[in-house]
Structures are given as structure tokens and as C-alpha cells.
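Peer 1: Each chain, written out:
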Amino acid sequence: MSRTLAQKVWDAHVVRRADGEPDLLYIDLHLLHEVTSPQAFDGLRLAGRKVRRTDLTIATEDHNTPTDNLLTIADPVSRTQIETLRANCAEFGVKLHPLGDPQQGVVHVMGPQQGLTQPGMTIVCGDSHTSTHGAFGALAFGIGTSEVEHVLATQTLPQALPKQMAVTVTGELPPGVSAKDLILALITQEGTGGGRGYVVEYRGPAIEKLSMEGRMTVSNMSIEWGAKAGLIAPDETTFAWLKGRNFAPKGQDWDDAVAYWRSLPTDDGATFDKEVFLDASALTPFVTWGTNPGQGASLDAVIPDPESFASESERAAARRAVEYMDLTPGTPLRDLAVDVVFVGSCTNGRLEDLRTAADVLRGRKVADGVRMLVVPGSAAVRAQAEEEGLHEVFTEAGAEWRFAGCSMCLGMNPDTLKPGQRSASTSNRNFEGRQGKGGRTHLVSPAVAAATAVTGHLSAPADLDAVGAR
Amino acid sequence: MEKFTVHTGTAVPLRRSNVDTDQIIPAVYLKRVTRTGFEDGLFSAWREDPSFVLNNPVYAGASVLVAGPEFGTGSSREHAVWALNDYGFRVVISPRYGDIFRGNSLKQGLLTVELPQAAVETLWDLVEADPATAIEVDLVAREVRASGQSWAFDLDDFLRWRLMEGLDDIGLTLRHEEAITAFEGHRPAFGVLVG
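Protein sequences, first through last, are from chains A and B.
Positions 1 to 470 (my numbering) are the ones given, in order, by the first sequence.
Positions 1 to 195 (my numbering) are the ones given, in order, by the second sequence.
Bound-form chain B, shown alone (with noise of 0.2 Å):
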């Protein structure tokens, strides 16, 4: 995972909420076997509208998505992290994400930031009234800076130290080997086996 410390970008406007997983990349996506080039499926259905935000060229190499409540919910596919951040999405900002959606993100390096509705609706503002408005990203600070304007959000010390670090965590799980054979060797009897 790359590390994230802070990062500078324009943005999109998305004024949608509860844009589930299945808006932001449909099924017929999810057949592939790869982890890479889901750029195409990415909010596939509605970029068929030329008049969905994504078309507007003035957004172009935009690396912020700013979208309303529930962002992410539904469905557990991580395609869609990978579709946003295959697509060039560094950070997505909105009040509120489906859970499992969240922590897919953070673990593949696509921060998902939490402002609040007012906040979120400035941003939506500021990028429509001049779309190259830089959005400064500041994981070391837990701050959203933008033409002068700022907001604080919250982030786990743990997440935040892990994205920092673009720690494996499988790897960090794994220096608790130790733990999970012991664990293993107090499970009761009547416990499933599969096989």
C-alpha cells in the first residue's frame, strides 16, 4: 500500500447520496479475476448520461471525490475501492460511508474522510464555482484545507498510523503468530471443522 501523508488535488462534485457500492461499479464488473483496470466500470451506468459530473471536462485529473451522506454502502465488493482508485481517486469526502465500504478504503490507501454535511456542501460550492480550486489533504494534521478555508476530521491514531506507514496487515498480524496458536489451542471440542 502507498503510504499517505498529505495530499493536494482538485475535485469532483458528486451532490448524490446513499451512492451505493452497485453505482459505484456495477456487477457485471465484479466477473473479473484481476485486482487492476476497474477504471471502466467505475459509476459505469451514470457516465452513459453525458450530463453526469464525471463527463464535465472542466473535472478532468480531479483526485478528490466530494459526495453526500452514505457513500459506499451496500454490497462488501472491494472493486469499488479499487474502481476509484484505479479511476486516479486519492480521497473521497463525505458525512457518512457504509462501514465494510470504509474499511476496504483504508485498507488500500484510499482515504475516506468524514466532514459534515456544511462542510461538504462549502466544498460542493467552491469546486463549482471554480473547479481547479485546490483541495489540500492533510492525513498528519487530520485537516481538509481549501481556499482558506479548513476542517478538522477524525481518524483512528492506529488507521492514520497505518496509512502513513502503508503497512501490510497481514504482515503486522503476523508478528502476533504467536497469540493465534495459543488461541487455537483453547477452543472447545464441540467446535465446526470442515473438513
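Chain A on its own, in the form it takes in the complex (with noise of 0.2 Å):
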């Protein structure tokens, strides 16, 4: 029978079916950073149970970190979130990658980094943006603590097979519009909700094209239109990309596993229960106006009139943002002024994403009265960077070269935005108050974020060429 991809290595995890119940999953690879983890361990103790497989297991120190050091966290509480962390993984025998190591960053850009994730793998993290793995092909999606605990426990979870989506993406991107541009365009078209209840496969020509981190990009952001995974076929750009990686096979090894690995694209003939497209040659860059990620534009646009909207609640929760955010419909989205801007995140704090950025700023400087922090997503992305110069460049620009971690993507490290400041930032989430009380986030792509941090104002690479800094 034809399976697609998702059906494939769901199917090669069942560990017991029953009717009537979920299936019960086996998990190859658990993920685990401070924040969602320390009840699970206490549940753990609890229950008089261990951590089932350590040599499965593995933990990192990324969203109460601080950016500006690695020696010091100056706030107590997350200090002893931290040190909970520490202690827990010693006493569990859970492997680590604390501050300062140099494996140590984002959980979704240090598993990557290292090989660790790998194409027809099951892999979970108490984080909602664990579905970037299904850049590679694998089934990976957040999970909540007591599933944690639950996957501690027993390396496997219960779960009810998910329908089937295939997200096409046809033609090409034009030049100056990048992955973030596309999936941000596309949970604009298919709004918050409009995968909920779904596995996603992205596919088509637009998608291929794509590097390992514009795949990641795409699929980290599955969860904000509501998907549980979003996956992309392994194809000859996963396997370089893994090739030679800590954890990638070896030897023999190597051509087992990228002969299992070729089997795994959809069937031809495999049916989705539904199908989306979207064509990639009519994108621009394109940014969030709102205070959901459904609530974007192309930076061509203006701020959209709420009445406009087809239902009331998408009308009444555009009047909100509208509020929230300081706008006023009819403005063109690149006359907004901002005051900060953000490189960074799970969502674009990889190489790519810095060279991207550099390539902007090189030559030119931040604006007067606008703070940049560039982020790298890891310790590794960071020494990569600095090995290309990436941060003279930054630095020169009058950009702030930090430290690897989530950083100003959520309010819980000393990362944040005041209240009433208005960001522009490649990172995942516009929340009211994600990256700070008050703040206001416009997401974007690195391109833009560098562009705007030139003008002060929401901005393309291509303004800068066509009228230079204003």
C-alpha cells in the first residue's frame, strides 16, 4: 500500500496497537532543556522510577541563559532553574550540554548541529518548536511536561495517529525572499488554526530548493499554524548536510542507513486527507503586523482595516492587535519605526541566517536610536561565525555580538523588550508581551531584520539599494 512519508516512520514506531486505544510510539531521540523538565524528573523520583535510556537522552541550557556572558546568571530563580537542571541530568545520568560547553545553544539548533537528528526518526522535546527535525524527515513534535516524564519513563507515548496534510509549494522564490518569508506567507493563508489536528508534509519544487536551514526554518514554524509535525522528504541535500556530523552513521553504517533513508520519501499514489498549495514565485519579504503569526502582510502592504476581515473573531482579534501594537490602519507597513531588532532564534539563528544578515549589514551601519543583538542559535553557530568573520562584521555595524541562546525570542532571560518598544525580530512568535510586558514584535526574515536595522524602519534589502539608508 502507498504510505507518505509521516505514515512511514509512524509505522516503523509502533511499539503496540490496540483497537480502540493510541497507538503507543517508541521515541528514538528525547531532547531536553531546563524549563519543562524539572517536575518530570520530580515525578520521576516520586514514582521510585529511572530514566529508561540515557544513551536516547540528551539536554541542553538555552532559554534562561544570558546572551552577554557565560559565567554568570544574575536572576536567582533562573539561576536555580538552571542548577535543577544540572543536578537532575547527574543524578539520572543524562547527558549535557551546560553554558559555556561548546555544544551548548537552542535545543532545536544544537541536536541538528551534531548529527543527532536524523531522517525517519521519532524525536520529542518538552518545546513546542521541536518540529524543526522534520526539516530532516523526522517525526518530531513538542510534547508537555507530563509527557516528559512520560517518555523518561518509558521511551515511548501514547499517540492517536494524526491526519495527513501535503503543503505544496510550486514555482521558485524570487531573489530576496527566503524561507521565513514563505512560511510566514503561507500561516497568513491558512491562519493559526488551519493545521490544526494535521501531520505536514511541505513539498514541491520551492521546498527542494531549499537548504537544510531554510528546510528547518519552515518546519520549525509548523506549530504556528497549528500542525503537530511538518516534514520534508530526505533528499541528496539532508544527506551532505548529515554526512560526517558527531552522530552521523559511519562506515557501513552510513550506507544502511542512507539506503533505509531513500525509502522513506511518499509513495507515489499515497493519498492526504488534505492538500494546500502555494506559489512560491508570487512571494515577497514578507512580515506580521498582528499579534498572532496569522497575522501577516507583504512588507508592500499597509496595516490592514480589522472591519475588513471575513468573520468577527478574526475581526475582533485584529482590532486588538491593531490596539496592542500601536497601528493605524492604512499605514504602510514600512513606514513603521522600530527600536530594536532581533537575529536570532530556533527559527533563524543558524549559519545561513548570520551570513545572511552580515551580507546586508556589511559596509553600512545600524540606524541612530536602534539596539541589534545578533544571536547565534549555538556555541558551534557562534565559532562558526567568528571563523568567517561574521561578527566583525556585525560589530562594525554597531550590532551587539552575543552569546548562543533563545535570547530575546521569549521574555525569560534578561533578553527582553521594554514596554511600548516595538521590535523587528526573526524569531517565531508576535504574542502580546512574547519578548517582553508590553513589547511589540514584528516578525520577519533575516534579510529584513538587517535591512530594517539599517533604515530604522521596516525594510527590504532591495530599499537599500534603490535609495540607500534614508
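Treat the hints with care, as some may be off.
To be verified - Distance windows between CB atoms, simulated: (1) B:GLY166 with A:GLY369: 49 to 59 Å; (2) A:GLU236 with B:TRP161: 41 to 51 Å; (3) B:THR36 with A:GLU83: 15 to 25 Å; (4) B:HIS186 with A:PRO329: 34 to 44 Å; (5) A:GLY369 with B:VAL6: 56 to 66 Å; (6) A:ARG362 with B:ALA189: 45 to 55 Å; (7) B:THR36 with A:ASP75: 17 to 27 Å; (8) B:GLY166 with A:GLY93: 28 to 38 Å; (9) B:MET164 with A:LYS50: 28 to 38 Å; (10) A:ALA383 with B:GLY191: 23 to 33 Å; (11) A:LEU71 with B:PRO57: 42 to 52 Å; (12) A:ALA47 with B:GLY191: 26 to 36 Å; (13) B:PHE52 with A:GLY420: 13 to 23 Å; (14) A:GLU236 with B:VAL6: 50 to 60 Å.
Simulated from the structure, these hints should not be mistaken for laboratory data.
No experiment lies behind these values; they were computed from the predicted model shown.
Even for Gly, the Cβ is constructed at its ideal location relative to N, Cα and C.
Combine both chains into one complex, guided by the hints.
Peer 2: Have a look at this one:
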């Protein structure tokens, strides 16, 4: 029978199937960080349980860590949470990449860079952006703390088979339009609940042409339109990226693995429960104006009139968003002045993202009054960027070159917006207060972030060439 | 987990859609390492506004939250469920939820009922007209009842059974430990091992 990529991965991990019950799925890799694990370890202790497979479990520190130094966590509550992770990993025998370790970083950057993320695997983490790993053709999804405890204890999860959706992206991305623009446009097209109940497969020529970094950006934001997971079929791009990494198979194992991975893509004739299409060639740089990732528009557009939306619940959400974001309908998006530009996160904190931002900034300056933070997704990304001299481009432009972590993606560490500040951010969520209480977030691509830093208002690199910095 | 069969309580009408888990509990409250005591974080940014519905004394003591679509989207933080539970909610009613939040809620005995938008709007109107309106949420019959009206809701048989029995998932899974061990014997040699 013809099967989809997701079905093949699913079927290969069913430990137990019984009528009227969810399947029991085996988990190949469990990623941990400090925020969603302490209560799970407590649960194990209370029940006298141990971690079943420490060899399939790995932890890092990212959400609470500072990005201005590697030694001191000033906030005592954050420090306690980090220390709790260290104590739990030591007690239960789990490998940890702590602050200062060369492999430390945002959990969804740390895993792939070491070759831990491979096609056909099941991967979970107490973090909704675990969907990132789907870019390799892995079935990867975020879980809650109760499920973290369940996986620690049993290395399995009971899961009901989700529906399948194909997202076919036809055509070719125009120059200057990136994976981030693609996924932001898709989320606006489908809405924040459009993927609810589905495992999605991104496919088509525009997806095949993306680098692994670009694919990870797309898969990363699957959760922002409600999808359980977002997979991309493994291909030569995937294999080339993986080969030689620390945990990639070696020798005969590599050949066996590649042979297996080649069997994973969706069979011709396999059917999806739903199909969605997007024409890449029609896309432009895309940004959000509102307070959920589905409230986006082309950078060429204006702030929409809330009354123009189809349903009352969308109109109410738009009215509230326009008020929170302090916007006037009809204003061109390019007229919005920002206080802060953030380049980083599990969405856009990889080497390619930093290269893109550096290419725009080279020989230019960050506008007066704008603060720009460049935060590599991991210590390894930081080291690679420094080898290429990217850090010098950033610092010469007047941006801050910082240490790896989640940083300003979420308000859990010292990197936050002040109330009323407006940001252009390469992260994934523009929720009210997400980057700090009262902060206003516009989600953008790395190229748009860098161009915006130069002009001080939302801009694309093409604007710099056309008119220079205003 | 506490068993859930039928719950009757008053409700809070939250006329908002896309109530993401960052709104339910902001990240600053996630630094704690405990599993209880999160009631102070619930909707903490919105509660600073005196006109926010949860600050209206007529809804004090309510145990059912009636919200717009896309409730609990975003971050996987189970703290959102803990905060709702700790504040005193036993039931949320919304047309649609974020997947991870929904899964978390049903593991923690917080019943998340899906009703169509029209039913949610009727409930909002009823509760706003009379905040003392009793909402009866019957998991056994899979039905919500209020002011002589009733709405059926879907919930998977297995999940319903687990909630009604108050069962611990890990305990259920460990009944099949032999199957897990057998599966582990057949994993491919090229698979990743961290340690």
C-alpha cells in the first residue's frame, strides 16, 4: 500500500497497537532543556523511576541563559532552574551541554548540528518548536511536561494517528525572498488553526531547492499554524548536510542508513487527507503586523482595516492587535519605525541566517537609536561565524554580537523589550508580551531584519540599494 | 489525577480568540521548578487591567472558562494547564484548541470541551446576562447543559475513560513493558546513541 513519509516513520515506531487505544510509539531521541523538565524529573523521583534510555536522551541549557556572558546567571530564579537541570542530569545520568560547553545552544540548533537529528527518527522535546527536526524527514513534535516524564520513564508515548496534509510549494522563490517569508505567508494564508490535527509534509520544487537551514525554518514554524509536525522528505541535500557530523552513521552504517532513508519519501499514489498549495514565485518579503503569526502581510502592504476580515472573531482579534501594536490601519508597513532588531532563535539562528544578515550589513551601519542583537543559535554556530569573520561585520555595523541562547525570542532571560518598544525579530512568535511585557513584535526574515536595522524602519535589502539609508 | 465525571459550576466569558499559552501564563512564571502555585501567573498581564473579565467580582468562584477559538495555541508549557487548575478552573469550553495544550489538559484532569462557535456565543450571552448561570459539564454523557439547553461534544472513548478513571498514563504504558523491550531488540544498528 502506498504510504506517506509520515506514515512510514509512524509505522516503524509502533510498539503496540490495540483497537480503541492510541498507538504506543517508540521515541528515538528525547531532547531536554531546563524549563519543561524539572517537574518531570520530580515525578520520576516520587515514583521511584529512572530514565529508561539515557543513551537516547540529551539536555542543553537555553531558555534562561544570559547572552552577554557565559559565567553568571544574575536572576536567582533562573539560576535555580539551571542548577536544577544540572542536578537532575547528574542524578539520572543524562548527558548535558551546559552554558559554556562548545555544543551548548538552543535545543533545536544543538541537535541537528551534531547530527543527532536524522531522517526517519521520532524526536520529542518539551518545546513546541521541536517541529524543526521535521526538516530532516523525522517525525518530531513538542510535548508537555507530563509527556516528558512519560518518555523519560518509558521511552514511548501513546499517540493517536493524526491526519495527513500535503503543502505543495510550486515555482521558485524570487531573489531576496527566503524560507522565512514562505512560511510566514503560508501561516497567514491558512490561519493559526489551519494545520490543527494534521501532520504536514512540505513538498514541491520550492521546498526541494531550500538548504537544510531554510527547511528547518519552515518546519520550525509548523506549530504556528497548529500542525502537529512538519516533515520534508530526505534527499541529497539532507544526506550531504549530515555526512561527517558527530553522530551521523559511519562506514557501513552510513550506507545502510542512506539506503533506508531513500525508502522514506512519500510513495507515488499515497493520499493525503488535505492538500494546500502555495506559489513561491508570487511571494515577496513578508512580515507580521499583529499579535499572532497568522496576522501577516507582504512588506509592500499597509496595516489592514480590522473590519475587512471575514469573520467576527478575526475582526475582534485584528481590532485588539491593532490597538496593542499601536497601529493605524492604512499605514504602509515600511513606515513602522523599530527600536530593536533581533537576529537569532531556533527559527533563524543558524549560520546561513547570520551570513544573510551580515551580507546586508557589510559596509553599512545600524541606524541611530536602533539596538540590534545578533544571537547565534548555538556556541558552535558562534564559533563558525567567527571563523568567517561575521562577528566583525556585525560589530563594525554597530550591532551586539552575543553568546548563544533563546535570548529575545521569549521573555525568560535578561534580553527583553521594554514596554512599548517595537521590534523586528527573526523569531517565531509575535504574541502580546512575548519578547517582554508590553513589547511589540514584527516577525521578519534575517534579510529584512538587517535592512530594517540599517534604515530604522521595516525594510527589505532591495530598499537599501534603491534609495540608500534614509 | 482526580477523576472527572460530571462538573457543575459557574462560568467566566472570555470573549477572545487566539488566547495563546504566553497569555495564559507569561514566560517569567516558567522559571519555577515546582508543579503547583501557578494561580498568580494566570493571565497575569491581562489581570493588570481592572476591566479584564477575571477581575469582575460577579465571576468570582467560577470553575468553567468559556473562550473563543484557537485557545492554548503556541508554547508547549504545561504551566498553562497548571495555572488554570490552580486558579480553580475544572473545564474550558472553546471551538478549537492548540494541540499540545489540549493534550496537556487531558493529562491533568482539566476537561477541554470543544463546542461550535455558535454554542460558545450562546454560553457567553447566558453567562453575561446572569453570571450565576450553572453550567453542567457531563463527561459521562458527553454533553454540556445550561439554562435548559444542551450541546453534545466529542471526546475520544479512550481519553474519556482515562479521565473518568483518573488514570496515570505512565502506569498504563508500563503494563506493556515487555512490548517496549521487544521493540528495543529490533532497532537498526545505525540508530543514534547519545552516550
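Peer 1: Does each hint fit the structure? Answer for all of them.
Peer 2: Going through the hints against the structure:
1. B:GLY166 with A:GLY369: 49 to 59 Å: 57 Å, holds
2. A:GLU236 with B:TRP161: 41 to 51 Å: 47 Å, holds
3. B:THR36 with A:GLU83: 15 to 25 Å: Roughly 20 Å apart at Cβ, these two residues keep to the hinted range, so it holds.
4. B:HIS186 with A:PRO329: 34 to 44 Å: 60 Å, violated
5. A:GLY369 with B:VAL6: 56 to 66 Å: 59 Å, holds
6. A:ARG362 with B:ALA189: 45 to 55 Å: 47 Å, holds
7. B:THR36 with A:ASP75: 17 to 27 Å: Once the Cβ atoms are compared, 21 Å apart, the range 17 to 27 Å for ASP75 of chain A and THR36 of chain B holds.
8. B:GLY166 with A:GLY93: 28 to 38 Å: The hint (28 to 38 Å, Cβ to Cβ) holds, given that GLY166 of chain B and GLY93 of chain A are roughly 32 Å apart.
9. B:MET164 with A:LYS50: 28 to 38 Å: 31 Å, holds
10. A:ALA383 with B:GLY191: 23 to 33 Å: Once the Cβ atoms are compared, 28 Å apart, the range 23 to 33 Å for GLY191 of chain B and ALA383 of chain A holds.
11. A:LEU71 with B:PRO57: 42 to 52 Å: The hint (42 to 52 Å, Cβ to Cβ) holds, given that LEU71 of chain A and PRO57 of chain B are roughly 49 Å apart.
12. A:ALA47 with B:GLY191: 26 to 36 Å: 28 Å, holds
13. B:PHE52 with A:GLY420: 13 to 23 Å: 19 Å, holds
14. A:GLU236 with B:VAL6: 50 to 60 Å: Distance hint for GLU236 of chain A, VAL6 of chain B holds at roughly 58 Å.
Hint 4 alone, counting from the list given before, is not met by this structure.
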